Amino acid sequence: MAASEISINTADRLSAAERRQRVLPWIIEASRPYCDTMFETDEALVEAFECWSQRKTSELWIERASIGFESDGEVIGGFIACPGGILPKLRQVDALAYIKSAPAADIARRREFLERTAKLFAHVGPGDLYLSRIGVLRSHRGRGHGRVLMEGVIRTASELGLPRIVLDVSTSRKNVILLYESLGFQRQEERRAEYPGLTYISMSRQVG
Amino acid sequence: MTHDELRSIVFEFVRERRRVDASPQIDDDTPLVSAEAVDSLGFLDLIAHLEQQSGQEVDLLEVDPDELLTIGGLARYFQVS
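Keeping their order, the protein sequence lines are chains F and X. The opening residue of the first sequence carries number 235 in the numbering used here; numbering runs sequentially from there. The opening residue of the second sequence carries number 20 in the numbering used here; numbering runs sequentially from there.
If you are wondering where the hints come from, they were derived from the structure by calculation, not from laboratory data. Note that the coordinates shown come from a computational prediction; the quantities given were computed from them, not determined experimentally. Among these hints, one or two may not hold up.
[Said to hold, decoys possible] Restraint-style ranges between C-beta atoms, simulated for each label pair: (1) X:S42 to F:G376: 56 to 64 Å; (2) F:T433 to X:L60: 33 to 41 Å; (3) X:S42 to F:I341: 27 to 35 Å; (4) F:T244 to X:D46: 35 to 43 Å; (5) F:S392 to X:S42: 41 to 49 Å; (6) X:S42 to F:N409: 50 to 58 Å; (7) F:R398 to X:S42: 31 to 39 Å.
[Unchecked claim] In the SDA-like style, the derived pairs of lysine to any residue whose C-alpha atoms are separated by at most 20 Å in a straight line are: (8) F:K323 to X:P50; (9) F:K290 to X:P84; (10) F:K353 to F:T433; (11) F:K323 to X:P84; (12) F:K353 to F:K290; (13) F:K290 to X:D85; (14) F:K408 to F:R425; (15) F:K323 to X:E55; (16) F:K323 to X:E35; (17) F:K334 to X:Q71.
[Said to hold, decoys possible] Covered by chain X, per the in silico footprint, the following chain F stretches (three or more residues, Cβ under 8 Å): (18) 342-351; (19) 387-398.
Every residue, glycine too, gets a C-beta built ideally from N, C-alpha and C.
So here's chain X without its partners, still in its complex pose (with noise of 0.2 Å):
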């Protein structure tokens, strides 16, 4: 998976879940949640999406939770290029 894809992943989960096209309004340093493009189930939801896609588990005793929060820090953790 690479960063854009990670993006269109993200912004396909949010089009779906919210009707909206978030990706005018998020940058990689956006928090998803208080930007509203998910609450606070979506988030749940959306890493669970991005484990299923990248078929890497979160570790909970290792994440930052500014790397789970924003695009950037998503891919930062699931290490895409």
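Just chain F, with the same shape it has in the complex (with noise of 0.2 Å):
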């Protein structure tokens, strides 16, 4: 289906099990490579983002994120940004449930992530749109979708009155930043976490 013909909503008419099936695995894959070395195997990222997904006071709650969908209701991705002056609150909402849901024998390695990576993304500001996360499904790539989302996420900064957006995206994604360039987007700062081995550059574009 052409890209024009997606609308933008909320996931108020997806059921539970739609959302695990149509709307985790796309925040899961906008969170790699970060959280391929969070959890100690898949199954723990699973069970945990599920969890998250479902708690208002997450970063991950899946009832602020914005779900394209074509037009007989299929899902193709989506995205969650967060307004900067209620991120760090849920980020750090996260880090004590990550930590507290950790195996003891895990809670020292998942300490040590934290304080290895916690320079490694953008300083947001209050006035700024986070996008926390983006994704297409896999079965819907190649059809202009990511642009199309995109142009969501501008709009949804605008009728917050939020003059700007920040995102963090891992260098290895090449053809996403360029996405992100074409867009207006205009690269900050590059950060390295040497454990566990991440690069990120942040990103940014104002909005008129």
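Put the complex together from the two separate chains, hints included.
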């Protein structure tokens, strides 16, 4: 289906099963490679993200997500954007959940992970909209949906009256960086965490 | 645990961790993390410490972030008088 026929809406109409099958996968995919070293196993990652996505106080709260739908209701992907004013609090509660849910043997490693990656992402101010996650389901890629979703992000910032959009992207995702640049985003600071070996670049765009 | 005891526990925690007396700069509504009384990891330890002291576990499904990040909020959360 052509990208122009995609509508962006909330997750309200989706059942719990659809959320698990059609929303969680792109949230997880959009969290890579950061989340790959965050958890000990894929099962722990999926379990944690599923739990966080149901919690209002999480950066990953699914009700805050904007979902891209085809005209027949099929989900193609979506994005989660958070006003900068609430983001630090949400991250703090997620960090608490991350440590509290750790098996005893993994607590020290998880703490070290948080410590080593604390400076990996952009500083976000109260006047910013932070693009926390954006993704297109694998089965729907290559059709320009990413651009349509990004235009939705820009519209969201405008509707919320937030003058700047900030995002972080792994430097390994070169095509995505080019897409962001084509939409007016500019590269800002690049940050590296030697452990676990991640490099992210922050990008931002003013909203006119 | 009373409100004053909770305040004392928080300030004692900050003193031990940061080796500074944070009490003059922090009132009930000062966000503890952004005031740099505790860093992000210190915040996790503070919550664990308060859970231990109060015998009450933080329910992440119910919690309002504002209630964890200030002394006033913590006092409300742990329902101290």
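Verification of the hints:
no. : hint                        : verdict
1   : X:S42 to F:G376: 56 to 64 Å : holds, 59 Å
2   : F:T433 to X:L60: 33 to 41 Å : violated, 22 Å
3   : X:S42 to F:I341: 27 to 35 Å : holds, 30 Å
4   : F:T244 to X:D46: 35 to 43 Å : holds, 38 Å
5   : F:S392 to X:S42: 41 to 49 Å : holds, 44 Å
6   : X:S42 to F:N409: 50 to 58 Å : holds, 52 Å
7   : F:R398 to X:S42: 31 to 39 Å : holds, 36 Å
8   : F:K323 to X:P50             : holds, 10 Å
9   : F:K290 to X:P84             : holds, 10 Å
10  : F:K353 to F:T433            : holds, 11 Å
11  : F:K323 to X:P84             : holds, 6 Å
12  : F:K353 to F:K290            : violated, 25 Å
13  : F:K290 to X:D85             : holds, 13 Å
14  : F:K408 to F:R425            : holds, 16 Å
15  : F:K323 to X:E55             : holds, 14 Å
16  : F:K323 to X:E35             : violated, 24 Å
17  : F:K334 to X:Q71             : holds, 13 Å
18  : 342-351                     : holds (count 3)
19  : 387-398                     : violated (count 0)
Violation of the numbered hints given earlier is confined to hints 2, 12, 16, 19; the remaining hints are satisfied by the structure.
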